[in-house]
Amino acid sequence: MKPHLFSRYVALWILSHEIHCALKVSAQVCNVFLVSGEYGVPNGSLTASSSLAPGHAPMYGRLNTSFVQGEHFGGWAPQSASNQFIQVQLNGLSSIQGVATQGRNVTNESQDEQFFFRVTKYEVAYSLDGLSWSTVMNPNMTAKAFQGNTDQNSIHVNWFPCIFEARYVRIHPTEWNIFPTLRFDIIGCPAFAANDSSDCGFENGICGWNQRNENETAVWKTLNGSNASSGQLPYRGHTCTNGK
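Mapped onto mature numbering (1 follows the signal peptide of the UniProt record, and there is no 0), the consecutive letters of the sequence shown carry residue numbers -27 to -1, 1 to 217.
Misleading hints may appear alongside valid ones.
Taking lysine to aspartate or glutamate pairs in the EDC-like style, the calculated list, with each CA pair at most 16 Å apart, reads [what the hints assert, rightly or not]:
(1) Lys117 <-> Glu148
(2) Lys94 <-> Glu148
(3) Lys94 <-> Asp124
(4) Lys117 <-> Glu96
What follows is a list of derived Cβ distance ranges for each label pair [claimed, not checked]:
(5) Leu(-13) <-> Asn16: 47 to 57 Å
(6) Gln42 <-> Thr115: 35 to 45 Å
(7) Ile151 <-> Ile128: 18 to 28 Å
Worth flagging that the hints you see were computed from the coordinates, not collected in a lab.
Note that CB positions come from ideal geometry on N, CA and C, so glycine has one too.
Whole structure, please, built from the sequences with the hints as guidance.
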């Protein structure tokens, strides 16, 4: 597989041409919703540490889910507030670029604010197999806290400064208004071949700790494959061990 180029903007400069300037360009746009929409997952791929009630089940945690009287309450909510998460199993190994969230949907704007549940800060973890998890980190190797929502229905997007590969993504609420309730989606590129381990290499454009075996010192690799300078490590990405 050819190396990937990850970027939000791409510019082409024509250095020379014959007669007239003409060219065709194609690129994979890495900003697709991976939970819902064209590349979305079935309801069974959405799970959580717990649910407050059947009407707060993980499948109601999809972005833009609306409150339906007598059926569900417009968002996922856990049984208790602390140490909870909602997670998605994507359709295949995918490049993850960001997360979009909303608070609990309320249909009546005049409702008492005691019902305006939302997550105001959260952490993100990701995994290749659903068993071994990595947390998105700050440069100082502490868990990165992402800003959540300030109202019920506006979509707030957090972009990761470094794209990583995963098949599973978790959101851990850490702060909230009244009670942790949310709707979310994962933004990225849909489903690399799930069984293609050859793409799990930092020389192919993925950022993270490069360690090919237990005896080798882990070295951070940036998007272009270069080593980061000492004391200036970006946040931790996926660790490739033995090409897996």
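Against the structure, the hints:
Under the criterion of a C-alpha separation no larger than 16 Å, the hint pairing Lys117 with Glu148 is consistent with the structure, at around 13 Å. Pair hint Lys94 plus Glu148 holds up; C-alpha atoms about 5 Å apart against a cutoff of 16 Å. As the CA atoms of Lys94 and Asp124 are separated by approximately 13 Å, the hinted pair is consistent with the 16 Å bound. A C-alpha spacing of about 6 Å is found between Lys117 and Glu96, which places the hinted pair at or below 16 Å, so the restraint holds.
At roughly 51 Å, the beta carbons of Leu(-13) and Asn16 sit within the given window of 47 to 57 Å. At roughly 43 Å, the beta carbons of Gln42 and Thr115 sit within the given window of 35 to 45 Å. As the Cβ distance of Ile151 to Ile128 is approximately 20 Å, the hint placing it in 18 to 28 Å holds.
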